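S.K.: Taken in sequence, the protein lines are chains B and D. The opening position of the first sequence corresponds to residue 0 in numbering that gives the first Met the number 0, with each subsequent residue numbered one higher. The opening position of the second sequence corresponds to residue 0 in numbering that gives the first Met the number 0, with each subsequent residue numbered one higher.
Quick caveat, the hints were computed from the structure, so don't treat them as lab data. Source: prediction; values computed, not measured. Keep in mind that a hint or two might mislead.
[Said to hold, decoys possible] Label pairs and their calculated CB-CB ranges: (1) B/E149 with D/R8: 36 to 44 angstroms; (2) D/D106 with B/R59: 48 to 56 angstroms; (3) B/G72 with D/D137: 52 to 60 angstroms; (4) B/D73 with D/P136: 45 to 53 angstroms; (5) B/R108 with D/I68: 21 to 29 angstroms; (6) B/T142 with D/E149: 36 to 44 angstroms; (7) B/R8 with D/S65: 40 to 48 angstroms; (8) B/A115 with D/R9: 30 to 38 angstroms; (9) B/R108 with D/R108: 37 to 45 angstroms; (10) D/T82 with B/V103: 33 to 41 angstroms; (11) D/A99 with B/L76: 41 to 49 angstroms.
No residue lacks a Cβ here, since even glycine has one placed at the ideal position from N, Cα and C.
2 protein chains.
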Amino acid sequence: MSRLDSFIRRMMAQRDVIAAAASLIDGLPGPILELGLGNGRTYHHLRETFPDRRIIAFDRALAAHSASIPPPGDLVLGEIDETARAFAGIGAALVHADIATGTVEGDRRLAGWLPALIRDLLAPGGIAASGSPLELPDLRPLTLPAGVPEGRYFLYRRA
Amino acid sequence: MSRLDSFIRRMMAQRDVIAAAASLIDGLPGPILELGLGNGRTYHHLRETFPDRRIIAFDRALAAHSASIPPPGDLVLGEIDETARAFAGIGAALVHADIATGTVEGDRRLAGWLPALIRDLLAPGGIAASGSPLELPDLRPLTLPAGVPEGRYFLYRRA
Ligand SMILES: C[S@@+](CC[C@H](N)C(=O)[O-])C[C@H]1O[C@@H](n2cnc3c(N)ncnc32)[C@H](O)[C@@H]1O
Ligand code: NI
Ligand code: NI
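For reference, chain B alone in the conformation it holds in the complex (with noise of 0.2 angstroms):
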């Protein structure tokens, strides 16, 4: 399979997975968080699935497409594992998270931090998606939607 054939199922993926985090969340308050804004294109998803909730998106620096730019106060700069700490208990409905580093020893090194943030960040019972895998006693493993292959997307849901 070409590069582009496994981007666009990522993303295909991606668009099926936020669809089952809105009716897994449905009746539970709470903001989103959308952890690596990168270039917005899942932010601005994000922004029409749920237009009713605060969508605070974090990265390390803003690199977005200006239809994509949080309002001010929504966009937290800097390296989320040290930003994002300060919103533990904040009890998100969903977190979504695409930050996978590409190497080994980065996605090794993000595996040890990620999972224990996003924990803190849920309300209980709030939803957790990734580009990878978050793995942690407390965030329990969901079936993902049909279509969507084993390991090309997570989802969870904080006990």
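Add chain D with the ligands to chain B, keeping to what the hints say.
M.R.: Same frame as chain B, now just chain D with the ligands:
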């Protein structure tokens, strides 16, 4: 439509247009030129689609994933309107260009040099696939593959 939806559609249109181009250049000799290597996902896909053709990639700087780096001699760095000029007459079977600037003024300037450059790179009967329109009498618009929305991608045959 969200920017994520729109991006997925553009990537799928690109893939469909490349598949259509593969049939259209069947039997026509000549290399393939990728104008705008970027991350290299499309280059990777072109390599898979055209394993027996030389593929020359252009960009102002190398920013591609390690799996998508062309062999030395098939990567040309610098401003494409200058570097690709030297390849006029190479008789390309296919030129793919996905280098829209994202600004009205930038796209207007692009439209000033890209169409004639692509014509000069193509063999007679060669195919141009582009993310932005190429308006030039020598480049005859072709019907897009079914499912590619009008205006999302462009396909031409050099007279
Ligand atoms: C794959 S991109 C996200 C793409 C995004 N979903 C979109 O739609 O454009 C990952 C982003 O996360 C950011 N990032 C990754 N690790 C980070 C970290 N530890 N701290 C801050 N930002 C980080 C990068 O700067 C990059 O912009
Ligand atoms: Ni890779
Ligand atoms: Ni735009």
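S.K.: If you test the structure against every hint from before, which numbers come out violated?
M.R.: Hints 1, 2, 7, 11 contradicted; others consistent.
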